[in-house]
Amino acid sequence: DAGVIQSPRHEVTEMGQEVTLRCKPISGHNSLFWYRQTMMRGLELLIYFNNNVPIDDSGMPEDRFSAKMPNASFSTLKIQPSEPRDSAVYFCASTGQGTGSPLHFGNGTRLTVT
Amino acid sequence: RKEVEQDPGPFNVPEGATVAFNCTYSNSASQSFFWYRQDCRKEPKLLMSVYSSGNEDGRFTAQLNRASQYISLLIRDSKLSDSATYLCAVANNTNAGKSTFGDGTTLTVKP
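Protein chains in written order, with my numbering: chain D, 1 to 114; chain C, 1 to 111.
Quick caveat, the hints were computed from the structure, so don't treat them as lab data.
Just so we're clear, the structure is a prediction, and the values are computed from it rather than from any experiment.
Any given hint might turn out to be false.
Computed cross-link-like contacts, DSSO-like style, restricted to lysine-lysine with a CA-CA straight-line distance of at most 30 Å [as the list claims (entries may be wrong)]:
| id | chain 1 | residue 1 | chain 2 | residue 2 |
| --- | --- | --- | --- | --- |
| 1 | C | Lys98 | D | Lys78 |
| 2 | D | Lys78 | C | Lys2 |
| 3 | D | Lys78 | C | Lys45 |
| 4 | C | Lys45 | D | Lys68 |
| 5 | D | Lys68 | C | Lys42 |
| 6 | D | Lys24 | C | Lys45 |
| 7 | C | Lys98 | D | Lys68 |
| 8 | C | Lys42 | D | Lys24 |
| 9 | D | Lys68 | C | Lys2 |
| 10 | C | Lys42 | D | Lys78 |
| 11 | C | Lys110 | C | Lys79 |
| 12 | C | Lys98 | D | Lys24 |
| 13 | C | Lys98 | C | Lys42 |
Output of the computed footprint for chain D on chain C, the stretches with three or more beta carbons under 8 Å from beta carbons of chain D [unchecked claim]:
| id | stretch |
| --- | --- |
| 14 | 37–49 |
| 15 | 101–108 |
Just the calculated beta-carbon pair ranges, DEER-fashion [claimed, not checked]:
| id | chain 1 | residue 1 | chain 2 | residue 2 | range |
| --- | --- | --- | --- | --- | --- |
| 16 | C | Asn12 | D | Gly16 | 37 to 47 Å |
| 17 | C | Ser52 | D | Gly16 | 46 to 56 Å |
| 18 | D | Asp63 | C | Glu15 | 42 to 52 Å |
| 19 | C | Glu3 | D | Met39 | 16 to 26 Å |
| 20 | C | Glu3 | D | Lys68 | 22 to 32 Å |
| 21 | D | Gly3 | C | Ser53 | 28 to 38 Å |
All C-beta atoms in this analysis are idealised placements derived from N, C-alpha and C, irrespective of residue type, glycine included.
Bound-form chain D, shown alone (with noise of 0.2 Å):
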């Protein structure tokens, strides 16, 4: 039984450059998020999607940062171009319908922008 898939594991960028996130969901949810979770400021809720359109992003820190999710299976998260300030950890989680699903996170992507 397959989780939510992410690459890359890891990602080590020079500040500037463009940074794509990749996310595939448990097959069947119908929701899926992206968080960032840094020391700082803990783990933050950037975008959600639900049936693949966008609900919410207003945590989404600026126009550097996009999201899409053009079919039920991918969505990726772009930062054009990356800073150093961007550097955390971003989780992908998914969840189905049903009342109180919880949300089933994938590994994450650790990222260095120096």
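With chain D fixed as given, assemble chain C onto it according to the hints.
Same frame as chain D, now just chain C:
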């Protein structure tokens, strides 16, 4: 004020101890409540959902107090393997939906 606040850590307890964590939330419309466990450099994983009447899973007991807007997690007979960060999460719809997380409480269980 943060939407979800947790006890500041860290908690350092001996094996066999009972330890309790509290978490307060500010949105009275919140409907779903969860405790997640996160090991070092790993993703958060659901520990247990929190139901209105309280619920127990082995050594773990979760309680919800809607009037005071807090949830709690009690760990009895703590084991070394319980060492982790415990995150509470609150959502304002009946799916996990848009869950807001606390900053987490770190527990270290020592022999």
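Right, here's what the structure says about each hint:
1. Lys98/C with Lys78/D: 21 Å, holds
2. Lys78/D with Lys2/C: 27 Å, holds
3. Lys78/D with Lys45/C: This hinted pair holds, its Cα atoms lying about 25 Å apart.
4. Lys45/C with Lys68/D: 25 Å, holds
5. Lys68/D with Lys42/C: 25 Å, holds
6. Lys24/D with Lys45/C: 17 Å, holds
7. Lys98/C with Lys68/D: It holds: about 17 Å lies between the C-alpha atoms, which stays within 30 Å.
8. Lys42/C with Lys24/D: 18 Å, holds
9. Lys68/D with Lys2/C: 28 Å, holds
10. Lys42/C with Lys78/D: Holds. Lys42/C to Lys78/D sits at ~22 Å (cutoff 30 Å).
11. Lys110/C with Lys79/C: 8 Å, holds
12. Lys98/C with Lys24/D: 19 Å, holds
13. Lys98/C with Lys42/C: Distance ~21 Å between Lys98/C and Lys42/C Cα, so the pair holds.
14. 37–49: It holds, with 6 qualifying residues against the three required.
15. 101–108: Answer holds; 4 residues pass the 8 Å Cβ test.
16. Asn12/C with Gly16/D: 37 to 47 Å: Given a distance of about 43 Å, which is inside 37 to 47 Å, the answer is holds.
17. Ser52/C with Gly16/D: 46 to 56 Å: 50 Å, holds
18. Asp63/D with Glu15/C: 42 to 52 Å: 51 Å, holds
19. Glu3/C with Met39/D: 16 to 26 Å: Roughly 19 Å apart at Cβ, these two residues keep to the hinted range, so it holds.
20. Glu3/C with Lys68/D: 22 to 32 Å: Holds, at about 27 Å.
21. Gly3/D with Ser53/C: 28 to 38 Å: 30 Å, holds
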